[in-house]
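Q: The primary structure of each chain is shown beneath.
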Amino acid sequence: MKRIKSGIILAFLILTGTIHLSAQSKADTTTPATTVLRFACTSTSDDSLQLQATISVKHEEGSTNLANAQVSFYSVEKDGDVKIGQAKTDVHGVAVLKIPAHNKYARNDQQMLSLKAKYDGNTKFEASEGEFGIKPAKLKVSFYEEDSVRFVKVEGTQLNANGTETPITEGTVIVGVPKMLSILKIAEITLDSTGMGSAEFPKDIIGDSLGSLTVVAYIEENDIFGNVKASADNKWGLPKHLISPDRPTRELWTPIAPLWMIITLIIMLAGVWGHYVYAIVQLVMINKSSKVKVPEKES
Amino acid sequence: MENKKKEDNNSRRNFLKLGILAGAGTVAAGAMIATGKNASGESGEKIKVLTTSGEVMEVDKNFLTLAPKNREESHEGIPGRKFVMVIDLAKCKNARKCVEECQKGHNLPKGEEFMKVYLMQDSEKSAPYWFPKPCYHCDNPQCVSVCPVGATYKRSDGIVLIDNERCIGCKFCMTGCPYSTRVFAWKPDKEYDIDRPYSPEKSVPGVEGTVSKCDFCPDLAREGKLPYCAAACPMGVIYFGDIDEDVVTNGTETFKFSELIRDRSGYRYLENLGTRPNVYYLPPVDRQFPVERGLDGLDEETLKRYDNTPLVQKLKNKEGKQ
Amino acid sequence: MSDTVTSDKLLREFAPQIERTGKYGKLWIGFLIVVICYGWFALYWQVSRGHIVTGMRDNVVWGVYIVNFIFFMGISYAGALISGTLHLFHAEWRKPIIRMAEFITIISLLIGPCFIMLCVGRLDRLPNLILFGRIQSPITWDVIAISTDIIGCILFLYLALLRDLGKMRDFTELKVPQWQKKMYKILALGYTGTPEQQLMLKRATDVMAAMVIAIAIIVYSVLAWIFSVTLQPGWHSTIFGPYFVIAAVYSGTGVLIVAMYFFRKVYHLEEHITLQHFVNVGVIMLVLGAFFGYFTFSEYLTKWYGSEKNDEQLIQVLLKNYFYLFILSNYVGVLVPLIVVGFKKLRTIRNITIAAGIVVVALWLNRYLIVVPTLETPYLPIQDARPAWQLYSATWVEWALTAAGCAMFCLLFTIGSKLIPIVQVSELKEEPVESGDIYLK
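Chains as they are written, first to last, in the working numbering: chain A, 1 to 299; chain B, 1001 to 1322; chain C, 2001 to 2441.
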């Protein structure tokens, strides 16, 4: 009886153990990780559309971007998805595809393209997709001066389904100057009925050492036009010079010491060690004189 | 099963061959296909990248962006830049994300902080405020003046760095800094035990028996990124930029530095000491929340730090009375 | 002729100390060696586990080690200034105690820098101080100054020893091992006391005496400037240079008196070191003590009266956490010697020695109160939960190494006194003078 009892208990333990283990291993291998695909489109001034998809994977410590993932881009049309192209994500998890703005993909009632980016996933990662609606558009940036006041002018045109271009009559265009880590906004222009708008260009923007500036104008996350970007250069920046004084060469904190410190040190050391040398010379002379003496004594 | 394995292996090899070049826009000149361990252009420093076969793979940083500078190269500042930081005391609520991200980014042990957040109160009647304090990278750095071996140095881009392979650990610079910025590696922590070539620009790995401090993350600036603290702050307290370009940003907002200082009355801490720091503070005006909120959600040890401050004493008295 | 007879008599008197060590002597040396071994163990502990085993942390980065360094460097000026100055003033009475003073100088100059090395985080990189030294740094000035000082003091001691070495070499009755006799012969450089040799020796000694005084002042000022050029409240004081020099010589006289007392007792030198010697050195100590008290008073009065925020904070910490130490070091340490030496009735050898002992302790505490409380009250408040990081308290490692340093000092002193007569034998004349001998004036 005892043996049978312990045998049953043992079998029970082993069974639960293996079930537990297999459950664990199942959890490890069979549940793919959740991925997130962020999809955005931008119209650029060279008459093309930039489709950009970023894939990231969620895990315990946050999320990491997924590299080498194949992303397929589609146009969502009545009869199904038409494949536009595909691209692989780079080491930062970003896949980019450029297509011409003049294209034959279907547009909806508002003349917007309906685009989709899809990642098919594999055993380790879930599939994910994102959608974006965009009507191709173009911005043009120019500059002019009137009564010695400087202006920046922006013109927006939209590309219709039939290939014609008409002005953008509503929308806010942000004009800025790209700097080291971000873009400095200098104006927010609302386009009028002719698709144009202008704003005063500030006098005190700092450019490069010659005073040249790159100015960018962009529409961001518009319901119809998505993202639109354009840029132009001008010479209206202040020349960038080191506002801080020129780097001094000899200070307390520079690699080379100020001259007076070096000279003082040399004088002091020479003075002191000179005396030491004198004393040592006297000792040497004492030693010498004794050596001379010895023969005399003996005689 | 085996086919799948082969496929995985192929995909990994393919990744190495092609995946890296797919990020062509950011590849440094001279990067080559890494087919083995000693491909030319390898820096030895790896970053984590998740491949589709599921591994978190480490790819040599050289293939991705500009490599972290070694000791000789890190003596040269980033050309044409002079870094400045602006800290908005009106928004700081002691979330301590800056402290944590900085510790993570620099592999610091828990007790060592490059960015410290103090609870300051200038006088008895003035209001307390939270005071994040990185290294100020002063233009007249006492710490650099007193270093006997030149282990700490100021670069042309304003950043004061420490070369932990020359530092003898005399700690004179720690007494020279009036802002108590520097920290010392008192024992061999396990966080120092990482296999990575040493770069003063990243201050990693730490070296036992030497001094270290906030370095304004020049390795991130070279990549066009904000330092860990500025990027992590949920309130957008820390602005970082180039003072010669006159622009600072906290990741979401970008301002002209001169306008920010003029409109918000920016100042430098302990200006009268003559150190000419490069971190400006915006006074804690119009705060949207009470300063006590900074004491919420802290773990016990961090909370104990502020026990001797007048604010905490006052709160304890109130509690006692109730 | 009488010259040789008298020195031979003196040598015969001192010979026993050199020839053998008594039972108590051996016990004493054994005890010192045990303490030094304990220190070695503490050093191993520190090197293997990192500096975390000491009490130093991110705010108080300099602790007992630096205090010991300053202290030992300070007492080295006993020999330098006292023997140097007294030599130039041709003070007759100095002769029996000159040797002790010079020994104190050399030994403490050898031990002091060792404490700095204990404080340095990466000993393996010490050569960087020379390879990459920056002359804008006060520590580089200190390295240069201390090395110059050591060479200078060794040279000065050697010049003063020369005549004695000659006598030891010639004293054939001396029962010492052969290697010791050979050592005397080589080191004596063939000095036989001829007028030319005496002249050369006098010239060299005069020059070195003047140099030693100058070096002593410069070296100790440089040490003071290590503190005063920083911006730390409490250190950034203009009078630190002269203050430290005075304190150094003051402590030096204290140690000298204590050494005089011990050697007089152990080696039975009652004939040569008399009450008058104690009183004379005691008077020097009194004068220096008065100056020291004056400087200290001036320092704290200025801080207290101006009541600048950080100065006030510092004084509060001193009076709150370190009250008794403050009183002992700055009041007792100044007043006791003043009273004891000042009143004729109180001037006994024992009293003066006790006062000197108090001076030594008070000055060690004075250095501690200069180094540590300032670091505990920086400009930015210390907001740290860990108690070891808020206030400094030295650990057993630091105390063990301090004890080992003192033991090493005593040991080297004892060994030195075994090799060379502790009292200068070649100059003690009982009667004046032959005209050829230009040393007596």
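Because the hints were derived from the structure by calculation, they are not lab data. In this text, a Cβ means the ideal position worked out from N, Cα and C, and glycines have one as well. Careful, some of the hints might be misleading.
Said to hold, decoys possible - Derived DMTMM-like pairs: lysine to aspartate or glutamate, alpha-carbon spacing no greater than 20 Å straight-line:
| no. | chain 1 | residue 1 | chain 2 | residue 2 |
| --- | --- | --- | --- | --- |
| 1 | A | K185 | B | D1157 |
| 2 | A | K179 | B | E1100 |
| 3 | B | K1125 | C | E2308 |
| 4 | A | K288 | C | E2308 |
| 5 | B | K1187 | C | E2196 |
| 6 | B | K1187 | C | E2312 |
| 7 | B | K1104 | A | E60 |
| 8 | A | K203 | B | D1122 |
| 9 | B | K1125 | C | E2312 |
| 10 | B | K1304 | C | D2058 |
| 11 | A | K104 | A | D81 |
| 12 | C | K2309 | B | E1271 |
| 13 | B | K1187 | C | E2308 |
Claimed, not checked - Here are a few chain A residues that face chain B, going by a calculated C-beta distance under 8 Å:
| no. | residue |
| --- | --- |
| 14 | W236 |
| 15 | R250 |
| 16 | L252 |
Q: Are the hints correct? Go through all of them and say.
A: Here is what the structure says about each hint:
no.: 1; hint: A:K185 x B:D1157; result: 25 Å, violated
no.: 2; hint: A:K179 x B:E1100; result: 28 Å, violated
no.: 3; hint: B:K1125 x C:E2308; result: 18 Å, holds
no.: 4; hint: A:K288 x C:E2308; result: 64 Å, violated
no.: 5; hint: B:K1187 x C:E2196; result: 61 Å, violated
no.: 6; hint: B:K1187 x C:E2312; result: 34 Å, violated
no.: 7; hint: B:K1104 x A:E60; result: 15 Å, holds
no.: 8; hint: A:K203 x B:D1122; result: 39 Å, violated
no.: 9; hint: B:K1125 x C:E2312; result: 19 Å, holds
no.: 10; hint: B:K1304 x C:D2058; result: 18 Å, holds
no.: 11; hint: A:K104 x A:D81; result: 14 Å, holds
no.: 12; hint: C:K2309 x B:E1271; result: 16 Å, holds
no.: 13; hint: B:K1187 x C:E2308; result: 37 Å, violated
no.: 14; hint: W236; result: 15 Å, violated
no.: 15; hint: R250; result: 12 Å, violated
no.: 16; hint: L252; result: 4 Å, holds
Of the numbered hints stated above, those contradicted by the structure are hints 1, 2, 4, 5, 6, 8, 13, 14, 15, listed in ascending order.
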